[in-house]
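Turn these sequences into a full structure, and let the hints steer you where they fit.
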Amino acid sequence: MIQHENAHKFGMVVDLDKCTGCGSCMVSCMAENNVPFKEDETRKKDSITWMRVYKLTNGKPFPETEVVYMPRPCQHCSGLGDHGHSPCVSVCPATATDYGYDTGIVSQIYTRCFGCRYCMGACPYHARYFNWWDPKWPEGQENYLSPNVSPRMRGVVEKCSFCYHRYQLAREKGYMEEREIEENEYQTACTTACPAGAITFGDLNNPEHEVTKIVKPDPHPDPMNKNVVGKSRNPKVFRLLERLGTNTKVYYMSEREWVRKAGDNYLDGEWDKRKNHHGSSSDHG
Amino acid sequence: MDSALIPEGAKRCAFPKFMIGMAVVGAVLLWGVYAMFLCWFKGLNQTNMNDYYGFALWIWADLAVIAIGGGAFFTGLLKYIFKIDELKNIINFAVIIGFICYSSALLILAIDIGQPLRGWFIFWHANVHSMLTEVAFCLSCYFAVLTIEFIPNILENRQLNKVPFFHHLAHNMHGVMAIFAATGAFLSFFHQGSLGGVAGVMFGRPFAVREGLLIWPWTFFLFTWSAAAFGPCFTLLVTKITEAITGKKLVGDKTIHLLAKIAGWMITTYMVAKIIDTIYWATVTAPSLGFSLSHFYTNNAFYGYWILIAEILVCGVLPGILLIMKSTRENPTTRLVAIILATIGVCLNRWVMVLQIMAVPVMSFDTWALYIPSWQEVATTILPVAYGIMLIAVAYRYLPVFPQELELNKSAKAAE
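Keeping their order, the protein sequence lines are chains A and B. Using the numbering used here, the first residue of the first sequence is number 1, and each one after it goes up by one. Using the numbering used here, the first residue of the second sequence is number 286, and each one after it goes up by one.
These are calculated hints, taken from the structure and not from any lab test. One or more of the hints may lead you astray.
A short, non-exhaustive set of chain B residues, derived as facing chain A with CB atoms under 10 Å [claimed, not checked]:
#1 Y337
#2 L392
#3 L394
#4 A421
#5 C423
#6 L574
#7 S577
With a cut-off of at most 30 Å between alpha-carbon atoms, the simulated DSS-like pairs for lysine-lysine come out as follows [stated by the list, open to error]:
#8 A:K261 <-> A:K55
#9 B:K327 <-> A:K38
#10 B:K327 <-> A:K136
#11 B:K327 <-> A:K45
#12 B:K546 <-> B:K533
#13 B:K533 <-> A:K44
#14 A:K44 <-> A:K216
#15 A:K44 <-> A:K18
Only a predicted model underlies this, so the values are computations on that prediction, with no experimental measurement involved. The C-beta atom is built at its ideal place from N, Cα and C for all residues, glycine as well.
Below is the structure:
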């Protein structure tokens with residue numbers, strides 16, 4: 001693994017108890033990243049939504065029904081053992097998607113992707129989208145596209161980039177001013193757009209960043225599953241499909257047990273044995 | 286009309302009859318070509334694939350034709366490396382079937398990618414960690430080997446063979462064919478295996494993921510093994526169909542029985558490995574990730590336990606047993622049943638390892654995704670079948686594909 005001491009590890013935590021499901025994160029993401037849309041958006045399985053909000057329920061009848069909205073961007077997995085071999089990066093035959101060891105961000109090189117879609121098959125989060133059509137904008141809207149993000153052509157895969165262009169702009173500014181970038185200088189569009197303040201974004205390698213304070217990621221492999229690294233030591237925080245060893249950098253938080261349980265799959269009776277396990281060093285977290 | 290091109294002494298149907306048959310199949314081929322151009326010019330929105338089903342009918346067809354085309358490399362290995370000389374009577378046909386299967390696979394891949402003009406990026410920007418990269422390299426190289434293996438047979442055409450250079454070239458190529466057979470077997474081991482690896486390395490998909498040896502998941506070895514086991518069954522099946530259509534005995538029973546016996550033992554041993562793999566995956570791998578076996582086979586409208594039983598027992602264990610038992614192997618009816626079931630079985634395995642993987646929900650709040658292919662997908666999938674029929678028809682008519690043809694049909698005539 002190529003990783004230098006000053007490497008960042010950008011990630012986010014989404015407080016699901018704060019999320020109202022308003023969809024601001026989805027809208028801001030589409031506007032920020034020039035995400036195209038179809039004339040007819042009724043067929044959702046080929047709609048492009050880098051940020052997608054899922055609706056989950058506890059499955060209980062009224063009056064015990066509870067609903068939670070779960071925003072799902074690309075999870076920016078670092079793969080088994082945190083080595084940078086994300087499910088998608090390791091399978092791409094043309095190196096069109098790559099893991100940034102200096103940022104922890106999984107990138108997508110649109111002009112190199114030839115559209116085999118293996119990465120989509122490998123991603124269990126459905127975070128990757130194929131451009132089934134050429135992007136078409138309503139007349140005049142081309143003038144309002146973001147100049148910092150290149151629109152994608154038909155036949156390639158695209159996905160959330162953690163608004164990487166924002167990082168580039170902040171990094172360049174910091175470089176010119178000969179300083180490190182501040183926490184607030186690089187924030188994703190969804191984070192800044194969320195009216196409830198449900199999303200916290202920052203550098204998981206920086207203990208001063210709010211996201212790190214909330215998540216308290218365990219740098220050691222999980223003794224119950226050596227493939228899992230970065231498990232949260234906060235009992236309210238979990239990751240999606242953590243047991244697969246994808247080692248995502250998007251964390252979720254909820255006070256409600258059923259929500260945390262919905263984040264992964266468990267055999268009958270298994271949840272009760274596992275729910276209080278929070279990483280190798282949870283006792284001193 | 287074309288009698289000067291037909292192998293000496295061989296009887297073929299009248300040219301107009303041949304052309305009518307070709308025209309009928311050619312119409313189907315053109316339908317497929319039309320759909321292919323639609324996909325190329327309008328894009329993959331012509332299909333019913335979606336972001337849940339990035340891999341769909343074509344990838345299944347691709348994996349299936351490569352598996353059933355495995356008869357070429359395995360028969361070549363047996364004939365040239367293990368020196369089983371009896372198989373010389375079917376090796377030409379096995380090579381032609383392999384050539385058709387692999388050229389079809391490459392064509393399907395060319396249609397399947399979203400940016401066909403960038404197809405060469407897989408070689409230029411190769412990611413050494415990707416199983417698909419290995420597939421691309423080995424597949425292309427093996428297709429070149431198959432072409433080399435096919436050339437001597439083409440040069441043996443009655444007219445071409447009159448040219449001294451072609452005559453000697455064909456003769457000398459036969460002489461060094463063992464080298465190409467060995468190369469083909471080596472390349473096939475890796476591309477058949479890496480196609481299995483495509484699924485096995487997807488650690489985000491509990492239905493697909495397998496543990497394994499070093500960098501290779503168990504599916505790597507299972508795919509190679511199954512191609513070697515089931516590929517010869519498809520060769521036997523196509524031989525049987527060709528014999529039925531031409532009304533002639535083309536390959537001697539001794540050769541057929543031998544290849545069927547080898548296939549039977551390969552299938553049986555493969556099934557033992559496959560059953561062990563399935564039990565380990567169902568009881569250890571999947572549960573360790575939080576999934577019970579029932580998760581993969583219930584709560585949806587299509588994928589039930591029936592597909593597991595059909596693949597492993599009905600189209601796996603059963604044909605294996607039918608082919609290893611002398612009485613059922615040498616009985617034409619039970620042998621035919623066995624080779625049909627075996628061909629279905631390996632295609633079913635590839636279906637499961639492509640489409641069911643995409644269908645199974647992984648996130649606890651996700652749902653099963655089922656899909657029905659568009660007519661363009663169906664047409665482009667039938668296209669290789671039409672192409673295969675036409676190539677076999679042309680090869681059978683003009684090339685000495687079956688060395689025993691004259692002898693077998695002479696003796697049949699004498700018996701009458």
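| request: Hint by hint, work out which the structure violates, then give me just those numbers in ascending order. | output: 2, 5, 13, 14
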